[in-house]
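Peer 1: Please arrange chains A, U, D, Y and V with the ligands on chain P, whose structure you already have, making use of the hints.
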Amino acid sequence: MNTLLCIPLLVLLGTIVPLCSMRYSRTACAFLTAALPALALFLILDLAPAVIAGERFNVAVDWVPAIDLSLAFRLDGLALLFSFLILGIGLLVILYARYYLSKEDNIGKFYSYLILFMFAMLGVVMSDNLIQLWVFWELTSISSFLLISFWGHKSEARKGARMALTITGAGGLFLLAGLLMLGDVVGSYSLQTVLDSGDLIRAHSSYPIIVVLVLVGAFTKSAQFPFHFWLPNAMAAPTPVSAYLHSATMVKAGIFLMARFYPALAGTDLWFLIVSMTGLATFLLGGYLALFQHDLKGLLANSTISHLGLITLLLGMGSDLALVAAVFHIINHATFKASLFMAAGIIDHESGSRDMRQLNGLWKYMPYTATLAMVASMAMAGVPLLNGFLSKEMFFNETLHQDSLGSLSWMVPVMATLGGVLSVAYSLRFIHDVFFNGEPINLPKTPHEPPRYMRVPVEILVALCLIVGIFPSFIVGDLLQSASFSALNGPVPEYSLAIWHGFNLPLLMSAIALVGGLMVYYNRRHLFKFQAQFPAKDPKVIFERGIQQLVAKSASFINFFENGSLQRYVYFVMSLTIVVSAYPLLDLDATAGRRPEIPVDALSITGAVLLTLGSLGTVIWHRRRMVALLTLSVVGLIVTLAFARFSAPDLALTQLSVEVVTVILLMLALFFLPQKTPKESSPRRVVRDLGISAMIGGIVGTVIYAMMTRPLDTISDFFLENSKTGGGGTNVVNVILVDFRGFDTLGEITVLGIAALGIFKLISRMRLYMPSGNEQGRAWSEDRHPLMLSVVSQSLLPLALLVSAYIFLRGHNMPGGGFIAGLITSVAIIQQYVAHGVDWIKERLKLDYQIMIGSGIGIAALTGLGSWAFGHPFLTSWFDYFSLPVIGKFELASAMIFDLGVYLTVVGATMLILANLGQLTTSERATFEEDA
Amino acid sequence: MEGIYAFCVGLMTACGIFLTLRGRTFSVVVGLTLLSYAVNLFLFASGRLRLDAAAVLGESENYGDPLPQALVLTAIVIGFAMTAFAVILAMRARADLGNDHVDGRIPQTKESARQKSGGQR
Amino acid sequence: MQHLSILPILLPLFTGALLLLPPLSGTLKRQRVFTLLSMLAQVVAAFMLLAQVYNEGVNQYILGDWRPPFGIVLVADPLSTVMVALTTFLGFGALSYATGSHDRAGSYFYPLFMFQVMGINGAFLTGDAFNLFVFFEVLLIASYALLVHGGGKQKTQATVHYVVLNLAGSSIFLFGLGILYGTLGTLNIADMAQKVGQLDETVAIITKIGALMLLVVFGLKSAMLPLHFWLPKTYSSASAPVAAIFAVMTKVGIYSILRIHGVVFGDDAGELANVAQAWLWPLALMTITIGTIGALASPSLKLLTANLVILSAGTLMVCAALQNEAATSAALYYMVHSTLVAGGMFLLADAIGRQRGKAEDRFVVAKRMDTPIFLGIFFAVSAVAVIGMPPFSGFIGKVMVLQAVETATEQMWVWPVILLSSLGALIALSRAGTTLFWRHSSTKQTEDSPKIHFGEWLGIVLLLSASPLLAMFAGPFSEMTVEAARFLHDPALSVEALLTSPLADGGL
Amino acid sequence: MLSWALFFVTICICIALFLNLWRLLVGPHISDRILALDTMYINAIALIMLYGMYMGTSLYFEAALLIAMLGFVSTSALCKYLLRGDIIE
Amino acid sequence: MSFFPMPFHSLLLFVVWLLLNNSASPGQIVLATFFAISIPLLVNGMRGEQPKLKKPWLAFRYLLLVIYDILVANIQVAALVLGSTKKLRPGFVAIPIDLSTDVGITLLASTVSLTPGTVSTEVSEDKQWLYVHALHLESEQELIDEIKQRYERPIKEILGC
Amino acid sequence: MSIYIEVLISVFLLIGGVFLLIGSIGLARLPDIFTRLHGPTKATTLGITGILLSSMLYQSFNQGTLSVAELLITLFLLITAPVAANMVAKSALHRENPPLPRTTGQDLIPKARERKPADAVEEDA
Ligand code: NA
Ligand code: NA
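Residue numbers (this note's numbering), protein chains in the order written: chain P, 1 to 932; chain A, 1 to 121; chain U, 1 to 508; chain D, 1 to 89; chain Y, 1 to 161; chain V, 1 to 125.
Careful, some of the hints might be misleading.
Ranges of calculated distance between the beta carbons of each label pair, as one might list FRET restraints [to be verified]:
(1) U:Ile-377 x P:Asp-355: 54 to 60 angstroms
(2) V:Val-7 x Y:Ser-25: 30 to 36 angstroms
(3) Y:Val-72 x P:Lys-889: 48 to 54 angstroms
(4) Y:Val-72 x D:Val-26: 30 to 36 angstroms
(5) U:Asp-200 x P:Pro-208: 45 to 51 angstroms
(6) D:Met-1 x U:Asp-200: 45 to 51 angstroms
(7) U:Met-412 x P:Pro-599: 44 to 50 angstroms
(8) Y:Val-72 x P:Phe-890: 46 to 52 angstroms
Examples of chain P residues lying across from chain U (beta carbon under 7 angstroms, computed) [claimed, not checked]:
(9) Gly-747
(10) Val-751
(11) Phe-874
Derived from the structure by calculation, the hints contain no laboratory data.
All C-beta atoms in this analysis are idealised placements derived from N, C-alpha and C, irrespective of residue type, glycine included.
Only chain P is shown next, with the shape it has when bound in the complex (with noise of 0.2 angstroms):
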């Protein structure tokens, strides 16, 4: 296997260490955590030398090709040197936690999220992919979030991580845009073809969209203004997450990421505006702020946030020199600012306070750890022979040969200067105030030493920044130029990594800051009286109650749309359905086509008037519920004509039986519903309703009109010649019902089944509220079961189910069939229901219904099944003739079995409903009030 894939593999790997070892011991389990990134740290070492050289290393697998996705690492300068801080900065990390987290801490959990972030990160630094690149940027965000808020029953931590995830998860988003039109403007996602193609993007129309999008991407990450009030708050994170993310790596993604794209979208005078100019606000901003910090974590985070400014800066400015000076102090801030945090950490742990108004003079209890502080404190503040020195030289000397402003550039050497006096004035603030100053104040810990391998790391780092300080070129010197090199893309200017340069400006700007640092600070408290002049604002609380508008504002803009009425749901789906029909109808010139209509004749005159007049009577006794059922049988009578008229006899038979049956179950609904509606709806409301539906109506009617005028070419003579020989009936519809479109019908049982099911959970424990008596307030008659109608019904019932046998039997070639007989079956039963009621019933009629629903859906299924055996389709049909003596020729078919599966669910479901209804009053009939 490739080593460069195993790199961040191991790590990947690396996540279940601490999950699996952590019910050893937690040194234990710090030592194997350690094990595999110390292992990938070990094979990027075999390979830095020849990264050094010059060589890239590549390798790529296929992930999604769809998508362009592929997983693609590579090896350069300037991931060599971040895998270096990652790899290097993360293992002492993992040895400082195994002393900063207490026992209550699950510490394997800790672990596994940081080594989760360390697989992110060394996956940013070494995507050699777009999309990947942004996987892996998202995935920095996620595992931070899970860092920051370690502490997840504190509520700064959640809120500090929530804004930490918002505002780098946003950003993310404007990255994965920017990375999307980079790739769709180049052709490829490959992050070196992309590289290779700078000229190619600067000179595209979306170039300037590309540059925001990518920016605003990396400023969120990088905490820069105005993005960078989160990285304080992520400060409730525990101290080795804000060592590691908040210092070292995280935070530095966006200036990766700004580097790394260098050669691609820097150098126009767009890209060096937006950075420098957002790189110098946030430099001042954060030096500003941290000075006012009492927190001695918010005064680093400020601090970090002004040098991410500097780097941005120095990004900003457009010569290669500038570049150079960026990525050493990149290496610089990760040194010094770790081992500060770190060594804040230290105070924290072993003096129970973060706060400099109570911590003072700690130098008499811990006096190693304040050496180290004071170290990397200088090395913060740009003190000679410490590296922050050199970068800081660097960057002056930069900010002296740039042009960003045209004839203002004279104002960025002086803001930075000015920079570097407020640097220089919080670092002090962090000696002074912390380790002299007088005596601690009400602290909950004596402070004393910490343990021995809690400085070891601390100790490392300020080493560093003292022999890089002191030997830049020996120790860095091929890591800066290889780092340049690939950030560059192309060839390194020339520079000196020296500590003396001879006098010159930058010298007299370090001098200047330093002097100007130190009488800020003794005057300090001025400065305090004057910033105490502004409101305190808190970031997180603004933030937040942000958030809690956004949450409050989209609540009530739902709640006016989703108000919860049907009405209103109704009205928008009949609005969109009038608006959408309404549009195209604009269009048609003339309604009526050529097909010849038919004339009109008495007959359908009158059946329109009553059916005209049977709808608006339904409409206008709406509220007069049983006049309405009345006006709707009326409807539903003459629509069934209508089918006769029209030559439909199948469905005036089928109109005219569920029409009745609907009828009986709207006076049962009757029954429990309240008799009358009062009238409730505003006149404004009626009128637009009458609107609505008058205009839907007219689109319907116009519509129709327009159709059947027209002629039309349809498949239905396949079925006309077909039926006889192909499907054995001479009744085409019902032969289309149970053959051709057989499964249709299949279907609309099954709906039916189900209905009979539905309604019968609904049915189930349902509490009715039985009116005493009917809307006049009069009692229900005594006479249950009225004498002649149950001596008829009862010598009806034979007669309905021959004809219920009779319609059954010709429905294949006469109109009829299995529903229509079912039907007439269910009604004849329903009517010995009417007539003598449930219990009698029950006595005499032993039908399972349930029995017959599924019986009767798994007859017609079964029946569509036995062509399977012949090699055919399902519901592939069978018929044939026979002959026997005396009774002569007669057909079978399969589609009769069909129908009487039809039949069974029909009677099945109808009576399932009806009965169950009906024994429902019968058993709690005395049992409930009316309620209104």
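Peer 2: Chains A, U, D, Y and V with the ligands only, in chain P's frame:
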């Protein structure tokens, strides 16, 4: 004839939709029933209107389009199942929610307020 | 294996029917075992069908041996088969969750569930416009019945809304179908596609109305703004396994849009080419927006999930509006991903709610959960997936959708909306997660929460582990979605090939 | 002659239907309306038989038969509702 | 168990089946026989008391009588309906009945309703009184006598109760 | 079809049509529910029978085979119509629909409603 037919279908649709937009379950169910009648007539007419043309072989010289008839049959049955469910659901809603308003709550109008006070009395 | 493509319909149908008959109707235990076995068989059948279609090409099942366009056909093509496989898998997850306790909450759970699956599978497989209506009704009526499962006022009220709206929708569906038949004279979808290009100009206008009415219907099912209002309450009040299977129902609407408006009224429809697009564009984007706003406003995990369903529906509608191969491919991937994750989240919300005492799944302080670690892991997986962050399936879907947007104008509209919706989801879910898992009431409560049963864990694990797997095997899977999209956008494959099947004219 | 008679009778029944509808709409009592509907069913049967004669087909006979059967069920259920409220008890 | 639990019904069904099919072919006769046997067996459990046809010939004569009454009375009543409604003198009449079976009472009430001019409105709970509404009541006693003589007596004889 | 047959059919037809119309006129014209009940009686008896008989004759001669199925409808209606009328009357009684004021025997109405014997002594006036 087609004009009259179209008018009737349009009118029934309009009436059905108007009732569907009312606030009580019963009106809504009646409206949906009316609407389904209109739909069935509409679907039926997609095969064009024919007199004396029942699609029974040997019973007449010409045959109307049998396919829409079969479709309407299916639609009627399905519509019946759906209406039945809706009717019982309306009852269930009354039982569970105490009123038959489609939104499951009593809108505050003068009349309902009066009813309420009447009920308390 | 000749009949493989009808098995996803027949297996649940027979299972449902048998469950109503003795001896299976006798005890719940028997029903449970039988249904689970049957569901497993359906999963196997669906995946075998998937393999078959993938290896041998589209499988057209000619019901009753009546050659198309006259009889009804089932079309098992890459798109429909993936959806069927998705449905059965989701169904299995939901069913195993139901075995924990939900199946006891009312009668006929298993038969209804089977009919529900049958309806959904049928809607995916059928190649006939009216048969699509029938299966829509099967799945709807089953969903009505399942929605009331468990009882309670909230369910009843939600069901009233859901049922009435869908009844209105069904009427519009039939109006639309009537218009299509009345102008095209056929019902077979492929045949429709072929005839639609030859329409006379005035007739085409009428057909267009039919097409747009169908868009309203499918929009209603798939929760397109302004037709989506029913969804949050309906989905959030349904019992967990039901809500889980409902997750695929909005997708039926999207699928139908892809089938009808993509194939019949696609690029080759002459005058009627891409009739739906002009409407789909704004509505899709607004649907995403309102889904996001709804997600932000959600006070409970179930409602949040329901709103995320709307969000994903909007995203899918964007794909339908884009009407290109890449978009269809993206839609398919995103559809599978979002369905499984949403289904899993509904189950998870139920499990979480049960462990948090009276607070249930609402975002308020509550007692500590009994098994926070596992639930937390699954929550994290689903949240990351649904936001569209790496490393789970969501980001691939999102990138596919974003990449499918071709022109700059489209990018200007689609990208911001989709990306901001991700941000909204991120805000909502991070709030949800931190509150649910980390905000505990200070007082120690000792009340015992109901245990999460093995079947319930299995359901959650099955559905939510799909997301990492979908990401891991995104390569081969996206190959399938690309293939499906290619099929759908090539009239030679999706239309002509289906009408030139060997002659078969009924009868044994 | 027959066609003339058919026409005349058709007109008669059309008028009869209008009269029924009028009674149904004006009531005044619900029983009046039910009675009107019941009469309407009978007239509808006649209409269908006439139509069958007019078209020379007996295809519509079953429709008439069903109206006769179901019309009765409907009427008796409606009256039962007025009497008892609960038609299936 | 008998094959013909309801012989009268069986006969009726047999005839009706042939009527329905307009055919007396051997096939239809087989089917008619089948239904004539099977349907009564099916609904046997659901019948109440059975009418016993004591005098079929009398029944036939009764039928003719009723048809004749219908014809004559229809014309009389048609004139009343079309004439001035002011002249109508409607009235309720209670007719004491001696019939003991429900079937008998139903038959009487039906006859009364079918013959124009009278409608049975109600039967008292003790089944002793039939309340009749007459469209145009000349003499109450005359009506009572006519109904009892013309209809009740033959029914009593036919059913033997 | 011979002219005699045609005349016969037409006569039955006319009888049917006229009585159906008279029945409906009665329904529309008569003053109270109880008198209106008499209207449909004509429709169901003479009216519909006339139409059915003519249809029976017509179809028999038209198709050349005896068509008697219409008898079944007649049978059905004759069985059910009195019951329907009875049910309507019962409902009218129950809901106390007012009879025409000049109706005789109004004292019987409360008894009929309560289904009491006609000779029962009124307990409270
Ligand atoms: Na201090
Ligand atoms: Na009479």
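Peer 1: Now tell me, hint by hint, if it's right for this structure.
Peer 2: Hints and how they fare:
no. : hint                                      : in the structure
1   : U:Ile-377 x P:Asp-355: 54 to 60 angstroms : violated, 37 angstroms
2   : V:Val-7 x Y:Ser-25: 30 to 36 angstroms    : holds, 32 angstroms
3   : Y:Val-72 x P:Lys-889: 48 to 54 angstroms  : holds, 50 angstroms
4   : Y:Val-72 x D:Val-26: 30 to 36 angstroms   : holds, 32 angstroms
5   : U:Asp-200 x P:Pro-208: 45 to 51 angstroms : holds, 50 angstroms
6   : D:Met-1 x U:Asp-200: 45 to 51 angstroms   : holds, 47 angstroms
7   : U:Met-412 x P:Pro-599: 44 to 50 angstroms : violated, 58 angstroms
8   : Y:Val-72 x P:Phe-890: 46 to 52 angstroms  : holds, 48 angstroms
9   : Gly-747                                   : holds, 4 angstroms
10  : Val-751                                   : holds, 5 angstroms
11  : Phe-874                                   : holds, 5 angstroms
Checked against the numbered hints given earlier, this structure breaks hints 1, 7; the rest are met.
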